[in-house]
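Asks: These are the residues of each chain, in order.
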Amino acid sequence: MTLETLGWQGLVILVLFGLSLLIATYCTYAERVIAAFLQDRVGPDRAGPYGLAQPLADAVKMFTKEEFFPGGANKALFIFGPCLAMVTALMSSAVIPFGNFLKFGDTVVHLQGIEINVGMLYVFGIVSLGVYGIMIGGWASNNKFSLLGAIRAASQNISYELAMGLALIAVLMMSGTLSLREITLQQSVPGEWHFWNIVKQPLGFIIFIVCAFAETNRTPFDLPECETELVGGYHTEYSSMKLGLYLFAEYINVFVASAVMSVLYFGGFNFPFQYELSQWLQSSRGLSADMAQNVISILGFAGLFLKIFAFIFFFMWVRWTLPRFRYDQLMRLGWTILIPLAIFNILLTGGLITTGIIPEVKAWWLTSATALR
Amino acid sequence: MQSLSNRAKKLEKKPYTLAERAYLPAIFQGLSITMRHFFMKKATIRYPEETRPFSPVFRGLHVLKRDEQGRERCTACGLCAVACPAEAITMVAGERKKGEQNLYREEKYAVSYEINMLRCIFCGLCEEACPKAAIYLQADKMAPPRYERDEFIYGKDRLVEPVSPDNRSKRGIQLTPEQADKLRGQLA
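The listed protein sequences derive, respectively, from chains A and B.
According to the numbering used here, the first sequence is numbered sequentially starting from 1.
According to the numbering used here, the second sequence is numbered sequentially starting from 374.
Hints in this document: simulated from the structure, not taken from any laboratory.
Any given hint could be a false lead.
Claimed, not checked - Using 30 Å as the maximum straight-line C-alpha spacing, the simulated DSS-like pairs for lysine-lysine come out as follows:
hint: 1; chain 1: A; residue 1: LYS307; chain 2: B; residue 2: LYS415
hint: 2; chain 1: B; residue 1: LYS470; chain 2: B; residue 2: LYS481
hint: 3; chain 1: A; residue 1: LYS61; chain 2: B; residue 2: LYS505
hint: 4; chain 1: B; residue 1: LYS529; chain 2: B; residue 2: LYS505
hint: 5; chain 1: B; residue 1: LYS481; chain 2: B; residue 2: LYS514
hint: 6; chain 1: A; residue 1: LYS61; chain 2: A; residue 2: LYS75
hint: 7; chain 1: A; residue 1: LYS307; chain 2: B; residue 2: LYS438
hint: 8; chain 1: B; residue 1: LYS387; chain 2: B; residue 2: LYS438
hint: 9; chain 1: B; residue 1: LYS514; chain 2: B; residue 2: LYS414
These numbers were taken from a predicted model, which means no experiment stands behind them.
Excised from the complex, chain A in its bound form (with noise of 0.2 Å):
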């Protein structure tokens, strides 16, 4: 990798930090309007056009909020646990293939953080990590309730994280790859566009999403901020842009679980008829086969993205609709269905393998792919 190289992946992650950034920005002003919207209401209207500078007035409310310490709170802590939380929200979007890569001349961009053979369990570790920042903030303010939000969030992140593994086993049985970015090539076979994921794992895909919900504590999951019966939940105590960056946290959560599960089950970057669409390019347009593969690769990026917005919509649509589940209830559907059902997937899928219903992976992207690495 060249210096040159090297500078422009830093480009790269610095655009895809800031476009996460402002993606959860935008979902704090997307989830108030969808739920007006839901509720025959119009929602923020006032500040700016549409309301669109309803973000920034937030933020410059929160920032001028009182930072308020609660008696007998670990102070060190207290501050430690919505910073921990935002961090790990943060870091996981870093191994997810945004886009293709872009080539000029010698110069080969790839658009993505960074790409590690771990990706999947990149994730999962930092998601599995999240936790923490949750547990900490509730730990540290000295508060019954935020405890009790705290234990609750991490019982029901250590549940759903066992279902939601078993769900990514199937996947990862039919990879054979724990690069997000493989997974992503494997899903986009010349000619047969609609080999995604999804069509040959729904029911694993239907207990990822639902174990997505669960993890990023959205309703009908969450439990650990219910305000019924714990006040706030974890951030009782929480005021000022401390409480700020645990809502943040949440929306960058929704975002990177939307990305995931783009990536993992609607075919990430690839779109329908790429292939052709290059061909045309190349043939019609005359196109070198280096420009056709970037205009593919910016169509793509603005695809994955459009998935992802679908994502966070269908989440914020969810919210609106569905009451919040009983704890017990919560901890029955996890321990006693999700996680037997995803075990089933597990072996359903090794069946259609080894009985060859579902094809091999055809290598044909990947090498070349790798090739060009």
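For this one, chain A is given, so just place chain B on it according to the hints.
Replies: Below, chain B alone, put in the same frame as chain A:
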């Protein structure tokens, strides 16, 4: 237990079907309901830009009317003050002097006439009590909010109708028979 009304229905608790236990069909049903609401017309009225129309029988801010020649109709008889259940109206009567015939319709008139809008309950009894058709509650104006209490005591300067007939309130103008019929239709 024997029901007294005989209307109680005996309900059987049926076991859940598979679709009900799977919970997903119910979720999609709920999602479709909220999605329908997403595209429905919104109930919100964006207040400063849009306003809700007043009812034709709305009783708002009072006005002291003038007659066709621009003279004040009020004769300070005090019937409105007597009728007022909130005792919001006070007045001081005075005698019309020579040369003031174009200002006051009757020989007696109100030198001062005050309504305390914080006391007023906008019941409209003053309007009904008035024998001279002098006081009306406008259907299109409200007493606006103010910072100080004494600003809510409206004197003649703010109550008496401006001389220009264009600025007259809708109420108190003689309706044509068609307009009256239309109003009655709206009220019925």
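Asks: Is B/LYS470 within 30 Å of B/LYS481, Cα to Cα?
Replies: 9 Å, holds
Asks: With a cut-off of 30 Å on the C-alpha distance, tell me whether A/LYS307 and B/LYS438 pass.
Replies: Violated, at about 67 Å.
Asks: Verify the proposed pairing of B/LYS529 with B/LYS505, using a straight-line Cα cut of 30 Å.
Replies: Holds. B/LYS529 to B/LYS505 sits at ~17 Å (cutoff 30 Å).
Asks: Can the restraint linking A/LYS61 and B/LYS505 be considered satisfied, given a maximum Cα separation of 30 Å?
Replies: The hint is violated at about 57 Å.
Asks: With a cut-off of 30 Å on the C-alpha distance, tell me whether B/LYS514 and B/LYS414 pass.
Replies: Between B/LYS514 and B/LYS414 the Cα gap is close to 29 Å, so the pair holds against 30 Å.
Asks: Please work out if B/LYS481 and B/LYS514 have their alpha carbons no farther apart than 30 Å.
Replies: 29 Å, holds
Asks: Are the Cα atoms of A/LYS61 and A/LYS75 separated by 30 Å or less?
Replies: 23 Å, holds
Asks: A/LYS307 and B/LYS415: Cα distance at most 30 Å?
Replies: 27 Å, holds
Asks: Within a Cα-Cα threshold of 30 Å, do B/LYS387 and B/LYS438 meet the stated pairing?
Replies: 72 Å, violated
Consistency with the previously given hints fails for numbers 3, 7 and 8, ordered from lowest to highest.
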